[in-house]
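Asks: Here is what each chain is made of, one letter per residue.
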Amino acid sequence: MSEIVAFVAQTIRIAIPYLFAASGGVVAERAGVVSLTLEGFMLTGAFAATLGSYYSGSPWIGVLCGIGGGLVFGLIHAVASIRYRADQIVTGIAINLLAVGLTRFFLLMAFDSSSNSPRVAGFGVTGDGGALTGALLRNPLVWFGLLSIPLVAWLVHYTPFGLRVRAVGEHPAAAETLGVPVRRVRYFAVVLSGILAGLGGVYLALDQHQFTDSMTAGRGFIALAAIIFGRWEPVRAGIACLLFAAAETLQIQLQGMQGIPSQFVQMIPYVLTIVAVGGFVARSTPPAALGKGDA
Amino acid sequence: MTTIAARQRVEEALLPPLVALLVALVVGDILILLVGQSPGAVYRLMLSGTWGNWYGFGQVLYKATTLLCTGLAVALALRAGLFNIGGEGQLAAGGFAAAVVGLVLPAGTPGILAIPLCIGAALAAGGLVGAVPGVMKARFGAHEVIVTIMLNFIVLAFLNWIVASHLHVPETLHTPEMRAGTLPRLMDWISPFHGSAANASLFIAIAAAVIVGWMLFRTRGGFELRAAGLQPDAAEYGGVRVGRVWIKAFMISGALAGLGGINYTLGYKHYYEEGFSGGAGFLGIAVALVGRNHPLGVVIAAFLFATLSQGGLAIHALVPKQMVEVLQGVVILAVAAAVPEVRRLVQGVRAGAAR
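Residue numbers (the working numbering), protein chains in the order written: chain V, 1 to 295; chain P, 1001 to 1355.
Each hint should be verified, as a subset may be incorrect.
If you want the footprint, here are the derived chain V segments under chain P, 3+ residues with CB under 8 Å [what the hints assert, rightly or not]: (1) 85-91; (2) 159-169; (3) 219-232; (4) 270-279.
To be clear, the hints were calculated from the coordinates, so they are not data collected in a lab. Glycine included, every Cβ here is placed at the ideal spot set by N, Cα and C.
Make a model of the complete structure from these sequences and hints.
Replies: Below, the structure written as structure tokens:
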């Protein structure tokens, strides 16, 4: 019984950053803006949260700073790809490089280290086993993370804003004709994705009580994989996040045993995504205007 | 009229990189001032540490070699309308294959036999990794960006597994040293290059640029490739089998990125090591973008980014070398934003003049 609890707790712990980033990415992608940027948003959020928490001693200030970091980077992406109509794939890669470079630069400036920050305040103490469950339950970011997916599902499917998001992502020209401010909707969607993905980074940094160089380690791309595997549906993307996290947990817990090499477990999200876009199981079709700029 | 069109083409090609460099210079100044140094002194140090001495110049040549290959890979694919962001995985696969062939060949195999075999292995491995997104796009309509991103992780994890569990030298993350097929270093011919990693791969990469240029602009295949990139439907109607062109273009693109791997394995360390690519696959996108997808432009851009990257090491005493990573990101962002803006401005001016 306790093993099951530990398994679920560990899965949730791993899944939270994915859930945040995927819920943000879904909104931007449904609005027609490519989300290769999730990785960069997360990294910036993690670093800004570390700075905030370090200088104030309060994790809540860290959360606010992390939101600010994600927001600023989301805005940069929005301005480049919407105002200047830059190729969204290229700006995505640039944003990720920029995030790595800037966090390294300021890590060195602020903490005189090229690898990690000093310990900062987080929410509770994480241990393993039973202690992990308690720490998880007391961490407000865990609850936000779990809620982010239903919240985004509601936003996309049951609000006027969500209807506009879907309209500008499928047929911006038609939406424009009906008086939907295409650019403004996309700005909102991209900035929101920056904030949500940034929160994913905040959770990582505060959970580990420090920032380490490139600590997101590809998690933004796993979140993107979850979005694609979930066929751009928030709830399905959330389930994909949980699945990927469960696979990782299984791998960690089976480490002692002779089994599948860990590298093959790491490949699971990526292989599944390729299978999904290839239409081998059920066709994964992106929003029609994804990456195309406006009409 | 034609002169206006020609001038317009030149402006469209050259303005965005220049704007981007200007923006990068401003951001660089801000970062340098933030650290409390003088921009003039830092930029002078950057120049003297790269083009100002033999060792620095050799390192620029070495870094430019890999970037030239990955930049050509991205540029060629973009000419076919394909976005290859799988350079990182293709580069690693190429370097790995070359190192393994050099390892299994018996010691003393003459270079004239071993070197082509190793290079062929690099091309084949990169091409094989490149073929996956090509086939996936042509046959199943899968978007190549998604496939190449995911494939990067898969290839790197796979190579990690082979090296970590079957092929590494104990206590390290690299394969045993090659027995045959290594390339001479430039310092063997020109002694002032002493200590720098520059090697004969440079000439192979430049030859690749020439061949790509010839292929793109002087052959039927290149014409079909560019036609498929500009207007796939029109090309298909004109008798080009676009799906096949995509697969071919992706294989050549992957092979070019794979070729970049020999710079490290055949030319420098003589073994494959985890993470040797160090982001050169991604930087190839920047190189192609700044080089405007033209082989000559790619050569120039490769030297530019190599200078920036080596320059970062040269200025580290004054400013953290991470500044260079920021500037790389800024350059890419600025070029990407400037391209459509410049096109609109240039064409707007022309439309105004015609009226």
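Asks: Just pull the numbers of the violated hints for me, sorted ascending.
Replies: 2
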